[in-house]
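In order, the protein sequence lines correspond to chains A and B. Quick note: the first sequence, position 191, residue 191 per the working numbering, numbers continuous. Quick note: the second sequence, position 68, residue 399 per the working numbering, numbers continuous.
Hints are computed from structural coordinates only; laboratory data are not their basis. These figures come from a predicted structure and were not determined experimentally. There could be a bad hint or two in this list.
To be verified - Okay, derived cross-link-like pairs now, EDC-like style, lysine to aspartate or glutamate, Cα gap no bigger than 16 Å in a straight line:
(1) K587(B) - E252(A)
(2) K256(A) - D607(B)
(3) K196(A) - D181(A)
(4) K265(A) - D607(B)
(5) K596(B) - E139(A)
(6) K164(A) - D199(A)
One letter stands for each residue in the lines below.
Protein chains: 2
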Amino acid sequence: MNEQILIKTLPSGKLAADHYERVASPMPEIQAGEVLVKTNAFAITAGTRAGLQGSASYAGAPTTGIVMGGTGVGTIVATNSDAVQVGDQVLTSTGWQQYSVQKPSNLELIPAGHDPLHYLGPMGVNGLTAYFGLLSVGEARAEQTVMVSAAAGSVGHLVGQMAKIQDCTVVGVAGSDQKNDTLVSKLGFDAAVNYKNGDYRAALKEATPDGVDVYFDNTGGFILGSALFRMNVGGRIACCGVVSQYDTSSPEPGPKGIPGLLVNKRITMRGFLVFDFADQYAEARSEIHGWLQSGALISLTDQVSGLAAAPDAFVDLLAGGNIGTRVVVLD
Amino acid sequence: MNEQILIKTLPSGKLAADHYERVASPMPEIQAGEVLVKTNAFAITAGTRAGLQGSASYAGAPTTGIVMGGTGVGTIVATNSDAVQVGDQVLTSTGWQQYSVQKPSNLELIPAGHDPLHYLGPMGVNGLTAYFGLLSVGEARAEQTVMVSAAAGSVGHLVGQMAKIQDCTVVGVAGSDQKNDTLVSKLGFDAAVNYKNGDYRAALKEATPDGVDVYFDNTGGFILGSALFRMNVGGRIACCGVVSQYDTSSPEPGPKGIPGLLVNKRITMRGFLVFDFADQYAEARSEIHGWLQSGALISLTDQVSGLAAAPDAFVDLLAGGNIGTRVVVLD
Numbered sequence: 001m002n003e004q005i006l007i008k009t010l011p012s013g014k015l016a017a018d019h020y021e022r023v024a025s026p027m028p029e030i031q032a033g034e035v036l037v038k039t040n041a042f043a044i045t046a047g048t049r050a051g052l053q054g055s056a057s058y059a060g061a062p063t064t065g066i067v068m069g070g071t072g073v074g075t076i077v078a079t080n081s082d083a084v085q086v087g088d089q090v091l092t093s094t095g096w097q098q099y100s101v102q103k104p105s106n107l108e109l110i111p112a113g114h115d116p117l118h119y120l121g122p123m124g125v126n127g128l129t130a131y132f133g134l135l136s137v138g139e140a141r142a143e144q145t146v147m148v149s150a151a152a153g154s155v156g157h158l159v160g161q162m163a164k165i166q167d168c169t170v171v172g173v174a175g176s177d178q179k180n181d182t183l184v185s186k187l188g189f190d191a192a193v194n195y196k197n198g199d200y201r202a203a204l205k206e207a208t209p210d211g212v213d214v215y216f217d218n219t220g221g222f223i224l225g226s227a228l229f230r231m232n233v234g235g236r237i238a239c240c241g242v243v244s245q246y247d248t249s250s251p252e253p254g255p256k257g258i259p260g261l262l263v264n265k266r267i268t269m270r271g272f273l274v275f276d277f278a279d280q281y282a283e284a285r286s287e288i289h290g291w292l293q294s295g296a297l298i299s300l301t302d303q304v305s306g307l308a309a310a311p312d313a314f315v316d317l318l319a320g321g322n323i324g325t326r327v328v329v330l331d
Numbered sequence: 332m333n334e335q336i337l338i339k340t341l342p343s344g345k346l347a348a349d350h351y352e353r354v355a356s357p358m359p360e361i362q363a364g365e366v367l368v369k370t371n372a373f374a375i376t377a378g379t380r381a382g383l384q385g386s387a388s389y390a391g392a393p394t395t396g397i398v399m400g401g402t403g404v405g406t407i408v409a410t411n412s413d414a415v416q417v418g419d420q421v422l423t424s425t426g427w428q429q430y431s432v433q434k435p436s437n438l439e440l441i442p443a444g445h446d447p448l449h450y451l452g453p454m455g456v457n458g459l460t461a462y463f464g465l466l467s468v469g470e471a472r473a474e475q476t477v478m479v480s481a482a483a484g485s486v487g488h489l490v491g492q493m494a495k496i497q498d499c500t501v502v503g504v505a506g507s508d509q510k511n512d513t514l515v516s517k518l519g520f521d522a523a524v525n526y527k528n529g530d531y532r533a534a535l536k537e538a539t540p541d542g543v544d545v546y547f548d549n550t551g552g553f554i555l556g557s558a559l560f561r562m563n564v565g566g567r568i569a570c571c572g573v574v575s576q577y578d579t580s581s582p583e584p585g586p587k588g589i590p591g592l593l594v595n596k597r598i599t600m601r602g603f604l605v606f607d608f609a610d611q612y613a614e615a616r617s618e619i620h621g622w623l624q625s626g627a628l629i630s631l632t633d634q635v636s637g638l639a640a641a642p643d644a645f646v647d648l649l650a651g652g653n654i655g656t657r658v659v660v661l662d
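Isolated chain A (complex conformation) (with noise of 0.2 Å):
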């Protein structure tokens, strides 16, 4: 049998686990040119809570009954086609269940010798969500500032070291004062300020003497309108996401100050999805694999044991549960 998470109803308010329901559905059948992949550990990220939104997300519009998606890493367990060989170890839309059926233009390949899980973080969609966003869309450049909230998220904390990288002053804001003690004491950020205390907008400031050159913008909300007040003439605020937004029907309006301080500070915001840049992942993700290798990045995993786990782990991440990327290893 083939264990599978469905979606069972869309939320109207906030995500809960029992808007998903747990199945043993029969094993799927291959057909010609179409392979079988065992599914080995796929990742949690807020960004497909989007799609359980409306029609207005970049993840489509939202279905009920089907099974809910996600990016996950397996084994090829049977090939109807050439390109591919039981045993191979391949990235794809696994979403949440224990076997898919992929064609071979959905796969990647991960090399001999490369960490399986490293393509659910930093050599994955997070890692080149962080690297482009920054690099690209940011423009962060050698002692610049650089601040990004979920900082101690998936994109998040690939963010703070990458610009760390880049000689970069780094600042994150995370909802926890554990999340923050380890941005900085162990991924080496300048300074990490907890959104929730009451001084937070003074704690940033003083984070930020001079000011802030780069904001990677994972939440929008009331962070992205503390952010615009600390941010540097020229500015420039990369759109990564909207964690603060998705676990609800109704979004908050915009922060204040939009478009008023864009015009004063010339500020550039600019939305981005890493799809965009597909063409130059290559580039990047031998990039990235020099820095894990180096060890000048680390990635850090939330792993949660078995499928059944996956509701709960994903309620809890959208809560500002995890530190790193939470990943469903299963059985």
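With chain A's structure known, arrange chain B on it following the hints.
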């Protein structure tokens, strides 16, 4: 005597004429290196309202008891400098007064044969703002759709015409049917939509069947919000001004969909000030002058007579009373 209009009190809500007072001061005397300029006309522009609003504006912190600021054209009537001669026509920060003392470094000579009033419109800050905002910030290119708000205003009516010169499709947004008729019938806009009508959003949608590639934002507020939903993937928003938010002490929050829609549609919003393009003014003016000469660009002015009329003219402008550049012509 030198008739002047001073800022008497700062507005806490809407601006009113009695925030100003008219005084007769002694004729100023020039020192070594200075010149005396007799004001012939000055422009009234919405952006100067920001200067009365608080320290967050690029116009600096507001002060009372000083002459109201503004850009004007005048004639040199006395000089202690070899740089200019009595009788020269100049563009300078005259303020709202009959005479001002200037340093030659703060003067731009208006070439003989040029219409001085054009230097308060298409050849001045308004025209340069339209030019760089549309072409450098908005990156408008042939066959794209350009939307502009405050489209009948001093900047907006030039933006739309410059976009037509680039072979764009142009949709204006303004607050009266009379303005919109002028935009379409006199200035060649493809369509113009009245934001005060109940069916504004539907009308905007109908007027932009191919979406919007470049939105030139003079207003902020809900018109910016309406534009966000019409933007094409990869669209650019040139943030020029926030006229919807100037005449109040409590600016609205930013539009819904920021930053979510920026991400989904990979939109770039960029604030700018024309002064950042100062090194390219000469080239731009040469091109704009050619358009004026050929009749491709029409400068609409909305003239008011006499210094005493300036406060009411400003209040009326903030309520949307002008078509084209509002100019106060002195006796």
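We went through each hint and held it up to the structure:
1. K587(B) - E252(A): Roughly 7 Å separates the two Cα atoms, so the pair holds.
2. K256(A) - D607(B): At roughly 24 Å apart (the allowed maximum being 16 Å), D607(B) and K256(A) break the hint.
3. K196(A) - D181(A): Holds, because 15 Å separates the two Cα atoms, which is no more than 16 Å.
4. K265(A) - D607(B): holds, 11 Å
5. K596(B) - E139(A): violated, 20 Å
6. K164(A) - D199(A): violated, 26 Å
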